[in-house]
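Undergrad: If you're matching them up, the sequences are chains H and Z in order.
Our numbering puts the first residue of the first sequence at 1, with every later residue one more than the last.
Our numbering puts the first residue of the second sequence at 1, with every later residue one more than the last.
A portion of the hints provided could be inaccurate.
Capping the alpha-carbon separation at 30 Å, the derived lysine-lysine pairs in BS3-like fashion look like this [claimed, not checked]:
| no. | chain 1 | residue 1 | chain 2 | residue 2 |
| --- | --- | --- | --- | --- |
| 1 | H | K104 | Z | K7 |
| 2 | Z | K7 | H | K15 |
| 3 | Z | K121 | H | K186 |
Just so you have them, the derived chain H footprint on chain Z, three or more residues with Cβ under 8 Å [what the hints assert, rightly or not]:
| no. | stretch |
| --- | --- |
| 4 | 6-19 |
| 5 | 37-43 |
| 6 | 97-106 |
Because the hints were derived from the structure by calculation, they are not lab data.
Keep in mind it's a predicted model, so treat the numbers as computed, not measured.
Don't be surprised by glycine CBs; every beta carbon is placed ideally from N, CA and C.
The residues making up each chain are set out below.
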Amino acid sequence: MVRLTPYEQQMLDGKMGAFKQKALEFIVRYAEVLGAEELCEISRATCFIGAQHYLDCYPDDKDYEEIFSEFYLSSDETVPFGTTAPRCKAQTCAACCDIEDHEKTHLPEEFVKKNRRFLEATKKMGISIVDSCTPYYCGWVPMMGEHFVTTESSNVVISNTIYGACGNSDGVEAAVCAAISGRIPKWGMHVPENRFGTCLFHLDFEVHTQMEWDLLGFTLGRLLPKHEVPIIENGLYNIEINNMRQLCAALSVTSAAEICHIVGHTPEARTLEDALGGKEPKYVIHVTERDMQESLAMICDKGSGPVDFVSIGCPHISLDEIQAIASYVKGKHLPAGTELQIWTDYAVKSLATLNGYTKIIEETGASVLTGSCPIVMKEESHKHAKSMVLFGSKQAFGIRHQSSATVYYGEVKRCIDAAYKGRWEEA
Amino acid sequence: MKEFVLKGRGALKGIAEGEAVVCPDSIAGNSGALGDTDGVIYERGNVNYGVCINGKILVVPCAKGSNGFSAHFKGAQIAGVTPAGWVATRMDARLGVAVASMGIPCVADFPEDQNPLDKIKTGDWVKIDGTTGEIIVKSKK
Chain H
1 MVRLTPYEQQ
11 MLDGKMGAFK
21 QKALEFIVRY
31 AEVLGAEELC
41 EISRATCFIG
51 AQHYLDCYPD
61 DKDYEEIFSE
71 FYLSSDETVP
81 FGTTAPRCKA
91 QTCAACCDIE
101 DHEKTHLPEE
111 FVKKNRRFLE
121 ATKKMGISIV
131 DSCTPYYCGW
141 VPMMGEHFVT
151 TESSNVVISN
161 TIYGACGNSD
171 GVEAAVCAAI
181 SGRIPKWGMH
191 VPENRFGTCL
201 FHLDFEVHTQ
211 MEWDLLGFTL
221 GRLLPKHEVP
231 IIENGLYNIE
241 INNMRQLCAA
251 LSVTSAAEIC
261 HIVGHTPEAR
271 TLEDALGGKE
281 PKYVIHVTER
291 DMQESLAMIC
301 DKGSGPVDFV
311 SIGCPHISLD
321 EIQAIASYVK
331 GKHLPAGTEL
341 QIWTDYAVKS
351 LATLNGYTKI
361 IEETGASVLT
371 GSCPIVMKEE
381 SHKHAKSMVL
391 FGSKQAFGIR
401 HQSSATVYYG
411 EVKRCIDAAY
421 KGRWEEA
Chain Z
1 MKEFVLKGRG
11 ALKGIAEGEA
21 VVCPDSIAGN
31 SGALGDTDGV
41 IYERGNVNYG
51 VCINGKILVV
61 PCAKGSNGFS
71 AHFKGAQIAG
81 VTPAGWVATR
91 MDARLGVAVA
101 SMGIPCVADF
111 PEDQNPLDKI
121 KTGDWVKIDG
131 TTGEIIVKSK
141 K
């Protein structure tokens, strides 16, 4: 049985209106499913909403208020839209499309309009349109101990690991209901004793480049025993946010990890003892270069060949990376029949445009796109591609659920070289 | 035919039964891994690739992959394709949202010596009681 505060009980009784009542009903049911005994207040949320493909179960002309009630609030009756919790900063997560473009992403114009219509409705509730899977590049800076929800799995790991904030990999319906009610079950990562590391990874090699960081995340996720909390003891070089982003995103593809301590570098792992909470690790795993090669074989197809579709930016990339790409591609021209998509969010693209980077990149024939990615846009956006080059592994591995095209993967500059040559050369 | 009982924690009440689909590495929550409207597992490398979840008892260690996990199952449910129930070695947040949102019976959090992944095989007939946490398995072998 979940214990509620008087305020929460009033909300559940409908004193704050049906919208918040339904949202809290869901959160309480979720808490019961988890076995949580109480709730905690959240102060920020990202929500994976808009015309996402999980709503393909509804006809195009279905009223959004009806959809919202049934899908997110799990309500049998349609509840009029209300507002999000006043103390919760709420924003959208990655979107199902670029907010304006439909031609470069091969989507029907009506779909892009429908997405905007849905996002405008949720904006009125209090959920700002941000459309980012890397919200920490544009203002998502939770404090240590702050409680959050986010529908981006890599942002769960980033926010728990780097900031010491507290959040679980809940899911779309919970994030929406948490944003509305301001509450989430006090369970999992919200409870300090669950955050200690239990599985110690020792690397038999050094990790320097962005692809190596990405591949390491994918590998550790494969090796991590279910339900355990990983600690990386050694081997990491060039520790900075963009590399960390790739590690956390890839880790979330192959595992359900929500935090990843790095000894000496993350706030709850100042020392190994700190990370372990004074206990012995349940598992000690030596990771080998062979493990990394096995991961690479799962992500990148063998051989060389022509390519017609290249996408960079999974998760969405930062301003400094766009700057580096602009500098690298300046004056080049994409061959006919090959497309290069660079994915970021609106805030970062605005800065890239201000600095002239967008113009340099787009003059080569490439596109700087915002808010989404080929996987989230799904088949319609990439079904024409015969041979793809994708970075990072979350994209290159995940696209295989949707496509039978050849998929290559490598360091970002190598992926970009493949776009401008129209061909992938095996290393 | 062998019959045995396992006992976990009733996570969402109700009684359900059906053929077990055992996914030792779970099912990815990433877009496209589960068909949004047909409920077919399209995750590359999944031992149950091509299997439709409709009417099945899904036996998993936990959830996996994207936080979109629950939404893809919920979408398929609204499209009319839904598992009968869930059996999970241990509950986690991704799965918890799916269970709460879909409102179908679930038993989770089994003792170590009763891990359903070790005891149940795909094709076994499983009856779950989401109130008591008891599951009855009728094994083919």
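Undergrad: Next, verify each hint and record whether it holds.
TA: Consistency of the hints with the structure:
For the hint linking K104/H to K7/Z, the alpha-carbon distance of about 54 Å lies beyond 30 Å, and the restraint is violated. About 39 Å separates the Cα atoms of K7/Z and K15/H, which puts this hinted pair outside 30 Å; it is violated. The straight-line distance between the Cα atoms of K121/Z and K186/H is roughly 34 Å, outside the 30 Å bound, and the hint therefore fails. Here the stretch 6-19 of chain Z counts 3 residues with a CB under 8 Å from a CB of chain H, which clears the bar of 3, and the coverage holds.
Given a C-beta distance limit of less than 8 Å, the hint that chain H covers the stretch 37-43 of chain Z holds, as 3 residues qualify and 3 suffice. Remark: the stretch 97-106 of chain Z is confirmed as covered by chain H, as 7 of its residues place a Cβ nearer than 8 Å to a Cβ of that chain, reaching the required three.
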